[in-house]
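**Q** Construct the entire structure; sequences and hints are all you get.
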Amino acid sequence: KAGVTQTPRYLIKTRGQQVTLSCSPISGHRSVSWYQQTPGQGLQFLFEYFSETQRNKGNFPGRFSGRQFSNSRSEMNVSTLELGDSALYLCASSWPASGYGYTFGSGTRLTVV
Amino acid sequence: GDSVTQMEGPVTLSEEAFLTINCTYTATGYPSLFWYVQYPGEGLQLLLKATKADDKGSNKGFEATYRKETTSFHLEKGSVQVSDSAVYFCALSNPTQGGSEKLVFGKGTKLTVNP
Chain C
258 KAGVTQTPRY LIKTRGQQVT LSCSPISGHR SVSWYQQTPG QGLQFLFEYF
308 SETQRNKGNF PGRFSGRQFS NSRSEMNVST LELGDSALYL CASSWPASGY
358 GYTFGSGTRL TVV
Chain V
74 GDSVTQMEGP VTLSEEAFLT INCTYTATGY PSLFWYVQYP GEGLQLLLKA
124 TKADDKGSNK GFEATYRKET TSFHLEKGSV QVSDSAVYFC ALSNPTQGGS
174 EKLVFGKGTK LTVNP
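Chains C and V, in that order, are what the protein sequence lines are.
Residue numbers for the first sequence follow the working numbering, beginning at 258 and rising by one.
Residue numbers for the second sequence follow the working numbering, beginning at 74 and rising by one.
Derived from the structure by calculation, the hints contain no laboratory data.
Note that the structure is predicted; figures quoted are calculated from it, not measured.
Backbone N, C-alpha and C fix where the C-beta goes; we use that ideal spot for every residue, glycine too.
A couple of the hints might just be wrong.
[As the list claims (entries may be wrong)] From the structure, some residues in chain C lie toward chain V, with a derived Cβ separation under 10 Å:
| id | residue |
| --- | --- |
| 1 | A259 |
| 2 | V261 |
| 3 | T264 |
| 4 | G299 |
| 5 | F302 |
| 6 | E305 |
| 7 | F361 |
[As the list claims (entries may be wrong)] Okay, derived cross-link-like pairs now, DSSO-like style, lysine-lysine, Cα gap no bigger than 27 Å in a straight line:
| id | chain 1 | residue 1 | chain 2 | residue 2 |
| --- | --- | --- | --- | --- |
| 8 | C | K314 | C | K270 |
| 9 | V | K150 | C | K314 |
| 10 | V | K125 | C | K314 |
**A** Here it is in structure tokens:
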């Protein structure tokens, strides 16, 4: 079956702009999470959605937001981009069972110039 | 809060050598433990997992045992191949009261296997 699909794969944006990233989870998976990966901070949790509701949120400023649609697809938005937002953004989906583990997409590489 | 500590490396081995990557965790309750692998330019792939104490996760020759007494989940492989070259991440998930299972990651260990 199809894996987690993230679009676009690469983005270049200018400081101050906003960006929207998209994630389509594995069919049947209802939990979608987003992570930011940078060389300095490693992998950091952004937020998790389950059945269109944000179930958990990491320690990121309000410029980072997300949502989940009724078909479980998710988007995350970053407004007023800063140079430090340059990162690989990873989406992951999971079956709603404890300890199942997450399946990750290939990520969106965002570069802010 | 919950945390994961793993040896950061980098680790360089010759083909067919034995691999150990140490991972210890701090968490309340009964977390699930995972090893993920990341190849260059790609996302994370789940390598193996264990959901309770003394469980052994295994996949593609890799193994790790959930040791609650030592709060550890060390990754091992008896004979590495060049194709195992990647970054390995240890992670835990600890369900919140609301059911959320965010992953907490270690900083990753870069493994290079030379022919």
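**Q** Once the shortest beta carbon distance from V261(C) to chain V is found, is it less than 10 Å?
**A** 8 Å, holds
**Q** Are the Cα atoms of K150(V) and K314(C) separated by 27 Å or less?
**A** 35 Å, violated
**Q** Are the Cα atoms of K125(V) and K314(C) separated by 27 Å or less?
**A** 26 Å, holds
**Q** So, F361(C) near chain V? Judge it on the closest CB pair being under 10 Å.
**A** Hint on F361(C): holds, closest Cβ of chain V at ~4 Å, below 10 Å.
**Q** Interface hint check: G299(C), Cβ to nearest Cβ on chain V, cutoff 10 Å. Holds or violated?
**A** 5 Å, holds
**Q** Measuring from the C-beta of F302(C) to each C-beta in chain V, is the shortest one below 10 Å?
**A** Holds, about 5 Å.
**Q** Decide if the proposed pair is consistent with the structure: K314(C) and K270(C), CA atoms, cutoff 27 Å inclusive.
**A** 25 Å, holds
**Q** With chain V as the partner, please determine if A259(C) meets the hint condition of a C-beta pair closer than 10 Å.
**A** At about 14 Å, which exceeds the 10 Å cut-off, the nearest Cβ of chain V leaves the hint on A259(C) violated.
**Q** Mind checking the CB of T264(C) against every CB in chain V and telling me if the closest is under 10 Å?
**A** 13 Å, violated
**Q** Measuring from the C-beta of E305(C) to each C-beta in chain V, is the shortest one below 10 Å?
**A** Status holds, d = 5 Å.
In terms of the numbered hints stated before, the structure departs from hints 1, 3, 9, listed from lowest to highest.
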